[in-house]
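Novice: Here the protein sequences line up with chains A and B, keeping their order. Counting from 1, one number per residue, gives the positions in the first sequence under our numbering. Counting from 1, one number per residue, gives the positions in the second sequence under our numbering.
Where hints are given, some of them may not hold.
What the hints assert, rightly or not - Each pair of labels, with its calculated beta carbon distance range:
{"no.": "1", "chain 1": "B", "residue 1": "I16", "chain 2": "A", "residue 2": "V60", "range": "15 to 21 Å"}
{"no.": "2", "chain 1": "A", "residue 1": "S106", "chain 2": "B", "residue 2": "I75", "range": "44 to 50 Å"}
{"no.": "3", "chain 1": "A", "residue 1": "C208", "chain 2": "B", "residue 2": "E103", "range": "28 to 34 Å"}
{"no.": "4", "chain 1": "B", "residue 1": "L61", "chain 2": "A", "residue 2": "S106", "range": "35 to 41 Å"}
FYI, nobody ran anything at the bench for these hints, they're computed from the structure. All C-beta atoms, glycine included, are put in the ideal place defined by N, C-alpha and C.
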Amino acid sequence: MASPMEQFNIKPLIPLEVNGYDISFTNSALFMTLAVVLSTLFLVLAMRRKSLIPGTMQSVVEVLYEFVAGIVKENIGPEGRKYFPFIFSIFIFVMFGNMLGLLPYSFTFTSHVSAVGTLALIAFLLNVVVGIRKKGWGWLHTFAPSGSPLIAIPVLVPIEIISFLAKPFSLTVRLAANMTVGHVMLKVIAGFVIMLGVGGILPLFFDCLIVLFEIGIGLLQAYIFTVLSCIYLGEALHEH
Amino acid sequence: MSKREEKELKEFEAKIEQVSRELSKPAKKMFDFKFSAGWALGARLATELLGGVVVGAGIGLVFDKLLSTSPWFLIVFLMLGSAAGIVNVYRTVSDVQKKQDAEKSAGRNNKE
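Can you make the complete structure from the sequences, with help from the hints?
Specialist: Written out as structure tokens, the structure reads:
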């Protein structure tokens, strides 16, 4: 029987090698491309007929837009508008990745640390760049909370630096682990359906419930990923 | 305003009235997200704690390798990393607590 982890294997579809580096077009890359193309098509087509009173599709897009705009406003503030396109792209990309992964025979690229980690790293680097641009040398003050006694500085600064570096790590692990766990659970219980024969109707019912639960988790994790990238940006822009 | 837009606006107003009438009825719960939200918070705290320890250990290992002082940097940074993990958990929880308190007081204001 197929192993429940087999669904996470990366298979090269178009082998490519440049300068000794393997840059094959893999199934992961295929689904990332699909997520980008589908989300673009969805957003553009739904907004094609712009009317004052939105139709069904246009309302969906407007709700998405306002949802993300609300996150940005709440966590960064009015000066966060500049970064709205970035935040919106992250949200849509992760959400489509999570949702596409739930379709049968698909691949969940958000279950891979390398894919999610790169997204988190981009948000992290943006935080550093924005912080340094906004505050200059004062940015280093992030690592030494004001009002801390001088004796505590040698201990506090490394702790603050590690806590700063740990954020993208925990962000990555959380999203990837959530997606991996859900999909393994689905596969394992689906295995029981075949093994139990007629009695398999019970795990089948259970699996249906888990798919529902997974849709919730997928949306929720996309939301959390977006909120936390907003919080990073907000921290870079504001004083503590 | 053109005739078509006027007609659309009138239809829209009727729609708003209908929807607001439906909204005033007590809402039926389709799917309870509370459970998954609590699960997500638990996972967040766990990874936050783990993140500090792993990043600390990683930094310690790198320093040890570069300066060949094994295992001293690993020991020091493991401790610092654990502290950083606890700091992160503390900050996350106090943020969540603040948000919940704000929601609670907002809800009370709406009821009055």
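Novice: It remains to establish, for every hint, whether it holds in the given structure.
Specialist: Evaluated hints:
no.: 1; hint: B:I16 x A:V60: 15 to 21 Å; verdict: holds, 18 Å
no.: 2; hint: A:S106 x B:I75: 44 to 50 Å; verdict: holds, 45 Å
no.: 3; hint: A:C208 x B:E103: 28 to 34 Å; verdict: holds, 33 Å
no.: 4; hint: B:L61 x A:S106: 35 to 41 Å; verdict: holds, 37 Å
Hint violations for this structure: none, all hints satisfied.
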